[in-house]
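Chemist: Using the hints, position chain B with the ligand against chain A.
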Amino acid sequence: MTEVILDQTPPILHGPSAKEKKYDRQLRLWAATGQKALEDSHVLLLNSGSGTVGVEALKNLVLPGIGKFTIADDMIVEEVDLGMSKASPFTSEKQEKSIGELFEHDKFTLIMYSLPIKAENLAIVQDYTKRHKVPAISIHSAGFYSYFKIHLPGSFPIVDTHPDISATTDLRLLSPWPELSQFAEGLTENLEDQSLHDHGHIPYVVILLHYLARWKEAHGTLPSNFKEKTAFRSTVAAGMRTDNAEGGEENFEEAVGAVVKTISLPSLSSSVREVFGYQPDETESSTSFWVIADAIKTFHTKHNALPLPGSVPDMKAQSTVYVQLQNIYKAKARQDAAEVLETVRSHPGGKDIPATEVELFCKNAAFIKLIHGTTSASSILEVAKAEFANDESAALTQMPLSLLPIYLSLGATSHVNSATASDIVAKIGKDIPEADSNPSIVNAAEEVARANGGELHNISALTGGMVAQEVIKIITKQYIPIDNTCIFDGITSRTQVLRT
Amino acid sequence: MSQPVMVSGKLTTPGGSAMKKGRWTYLDNVRRNPGPFVSEEFTGSEEAVTASERVKVFGAGGLGCEILKNLALSGFQDIHVIDMDTIDVSNLNRQFLFRASDVGSSKAECAARFVEKRVKGCSITPHNCKIQDKDDDFYMQFNIIICGLDSIEARRWINSTLVNLVDPENEDSLKPLIDGGTEGFKGQARVIFPTMTSCIECQLDMHAPRAAVPLCTLASIPRQPEHCIEWAHIIAWENEKPFPALDNDDPEHITWLFQKALARAKEFNISGVTYSLTQGVVKNIIPAIASTNAIIAASCCNEAFKIATQTNPCLGFEENYMMYTGDAGVYTYTFKHEKKDDCPVCGNLARDLEVDPNLTLEEFIASLAERAEAQLKKPSIRAEKTLYMQSPPSLEEQTRPNLIKKIGELVGNGDEIGVTDPSLGAVNFKYRLKFSKEYRGNAIETASAS
Ligand SMILES: [Zn+2]
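Residue numbers (the UniProt record's numbering), protein chains in the order written: chain A, 1 to 500; chain B, 1 to 450.
Chain A with its partners taken away, still in its complex shape:
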């Protein structure tokens, strides 16, 4: 990611460009590639009702620099081109169009629409998003409650998920390749005779490789279970010299601390297994994601490991030794990526995929993620049954109560501006029998009825913030969007994400 920013940096003495200065705080999150995706996007907001939540979401997208947006409010359509490259700040054009006309001409990157919405308008939106495979987000905010739901047009795979940095360490200590083993052996020869300085600067990766080799000589196998790992850790700790001024060695302390985390066989995360198990349809399978994913699957079948990401965490070491170690990991990562690239090239759709895309994919292979996008196969009744069953044991598990009743109650007013509590409960009762005897549903319905369809500014501002985050994640294809409904309770200040 830093490399991308580097490419964008103009000659050193001039410092960052005006755009880089203005967007500095966000380029650190999604880099120039994400910014480009935002600037190329055209977002449609279909507003109805008081519409604060939609406008708040849009505000949080205009600020980071989306290229173009259109607001359609019943009959009035306003198109605003923020023209980042043009001299004038932005152009705005207001005209009367019907919702149907709006969709005849424009191509949108993403659509946000707020509820309640007229059923016929909703049908037009749904038809458009289906035909053009455009993601949409529906948003409903009333009183202290809100929810939003993401409607993705098909499977939505993400490579650049930005995993937590501490989770990404992959050192392959249990299956070192020859270059790494040789390097470790070279640094640990005559370990006992090494000077205090040398001994205290052996990188912990090398220390662990050394003691693993000794362990294997003694036991025939590598430490695998908890008990063996604990014993192994004691062996490493015993190797620390304590007769120096500090009474210990930092690098050995690092080695001891890294045992549990790094001495384990690589296993595929459930999200990677999901990608490997997914059967892309015809159009999907020719996209670069699925071509590369398939090549990585082939790599994994052959080597029983994913391509090496190639990064090395910081550790106590001499500068030169650390850089050598980094280079050994980088070389292996390049070698693995080259093998994947070869498979990609042999695929009919893989001729034009940039090598950099394959490299990035290999680097993030352990953290790729697939969001299915299609609506849940289970009915709302099944979802409700599962949620309310959880609620029954909530007192024991100390888990908060399900927020599904909020979704159900707002959902009952999807096409009307307001309703009485009993109307809402009756409507829910059509899908969920005995809704009227569920106190959570009755309370939520009363709270929704109390708001009388009115938005509270804070709840809509908060919801608009969450919606904008999701839009950014979808447009930049970075980080992980929700799957697929997020419910917010402004009374307890909690969210819950559910698949509905």
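Rather than coming from a laboratory, the hints here were simulated on the basis of the structure.
Please note: incorrect hints may appear among the correct ones.
[Claimed, not checked] The calculated PhoX-like cross-link candidates involving lysine-lysine, where the alpha carbons are at most 20 Å apart (straight line), are:
no., chain 1, residue 1, chain 2, residue 2
1, B, LYS186, A, LYS477
2, A, LYS385, A, LYS363
3, A, LYS229, A, LYS216
4, B, LYS56, B, LYS120
5, B, LYS283, A, LYS19
6, A, LYS332, A, LYS297
7, A, LYS302, A, LYS332
8, A, LYS227, A, LYS216
9, B, LYS405, B, LYS437
10, B, LYS283, A, LYS330
11, A, LYS21, B, LYS283
12, B, LYS385, B, LYS430
Bear in mind the structure is a predicted one, so any value in this text is a computation, not a measurement.
Modeler: Below, chain B with the ligand without anything else, positioned relative to chain A:
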């Protein structure tokens, strides 16, 4: 380039008493009608409905724009805002009340002017200074304090100030403190009832400081681009003094550091030093986006609204802390952080502290900066008598000789010490020292000191 304002539709509300009713209908729905979760005190009377209009709110910090707009549109009519900063071009990606033409002007004044103009009947008083410049009398006038401060020191200062303000005889002296902060896609909002619930100092260890890179790594064995930048920042700058004083906001200074760091990185074959990274390390830049600011500011203002209107239960006495994470899905964790009896601000018990009696007082003071629950950069210390005072200069000079003395020489095992830091307000740590090792004494140093 100017920023189009997206809230115009909702902000341009006509003033005048005739319009007043229609204008706040959406608030009145919840202010007049009881809900299933309201407390028994909820009445919905005219008196109660207009109560929030008389609530005086204080806001500060980087979330200021959002907080002001949210409060004004939630019916608050007497708002004070404090911010000593001027508008920087890098604020424009999230602080929507500011335009490119406002760069260089006072944040507080600019934001106040904007919102006051758009929301008729709402008075916003800007204060272009630090929160620490105001005294107890100033803070006494408010009913609710909302802070979106970006420094932990400022948070600790306002927290201890508000705890100290509480007078058991005077109900009005208890000012709810609502605090919000963001970092990238993450953030938190918390509500504190000073002296009654867990305070910011009780929760300090949740925001542990990043461990500093050892100086020897910077000086002799750099491995990361950050090490090269820190070297340029701490060592090369001091040695060469290319400009009279380092100004983090001067691109020429950053460029100097960048080139120094780049040269050092080249020498050690380290890749990854960029201008952007240099700026990030030197200024300790935290990524910030409009959407996260909107979420956290709105969460804070939602709590203020509930406190002022009693339209629903607020965070505070049970759950008091909401953590928000938006980078992988959306996740909130809302929980109760317990008040600590040994809190240096709202508690009165001493806490145990393991200490090596062979450390010098100076080394011990340095270690307090790194302890997650202390994070004290300029502490003064007293035991039975004063061990070290940072100020006034005469006392500092008098107590300075103690810095090189060993802990074991100055205090006994099990003794209690008090640690204060006036820059953080009325923070007062009480530690009961437990010696972790035997005190070896130090005949040579004692002799030379006498
Ligand atoms: Zn406290």
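Chemist: Now, for every hint given, state plainly whether the structure supports it.
Modeler: Verification of the hints:
The straight-line distance between the Cα atoms of B:LYS186 and A:LYS477 is roughly 18 Å, inside the 20 Å bound, and the hint therefore holds. Distance check on the hinted pair: A:LYS385 and A:LYS363 sit about 41 Å apart at the alpha-carbon level, beyond 20 Å; violated. For the hint linking A:LYS229 to A:LYS216, the alpha-carbon distance of about 13 Å falls within 20 Å, and the restraint holds. About 17 Å separates the Cα atoms of B:LYS56 and B:LYS120, which keeps this hinted pair within 20 Å; it holds.
For a cut-off of 20 Å, the pair hint linking B:LYS283 to A:LYS19 stands: about 19 Å separates their Cα positions. A threshold of 20 Å between alpha carbons decides the hint, and for A:LYS332 with A:LYS297 the separation of about 18 Å falls inside it, so the pair holds. Taking the CA atoms of A:LYS302 and A:LYS332, the gap is near 16 Å; set against the 20 Å cutoff, the hint holds. Among the hinted pairs, A:LYS227 with A:LYS216 is consistent with the structure: their alpha-carbon atoms are about 15 Å apart, no more than 20 Å.
Taking the CA atoms of B:LYS405 and B:LYS437, the gap is near 17 Å; set against the 20 Å cutoff, the hint holds. Restraint check: the Cα-Cα separation between B:LYS283 and A:LYS330 comes to about 30 Å, which exceeds 20 Å; the hinted pair is violated. At most 20 Å may separate the alpha-carbon atoms for a hinted pair to count; A:LYS21 and B:LYS283 meet this at roughly 14 Å. Pair hint B:LYS385 plus B:LYS430 holds up; C-alpha atoms about 14 Å apart against a cutoff of 20 Å.
Hints 2 and 10, counting from the list given before, are not met by this structure.
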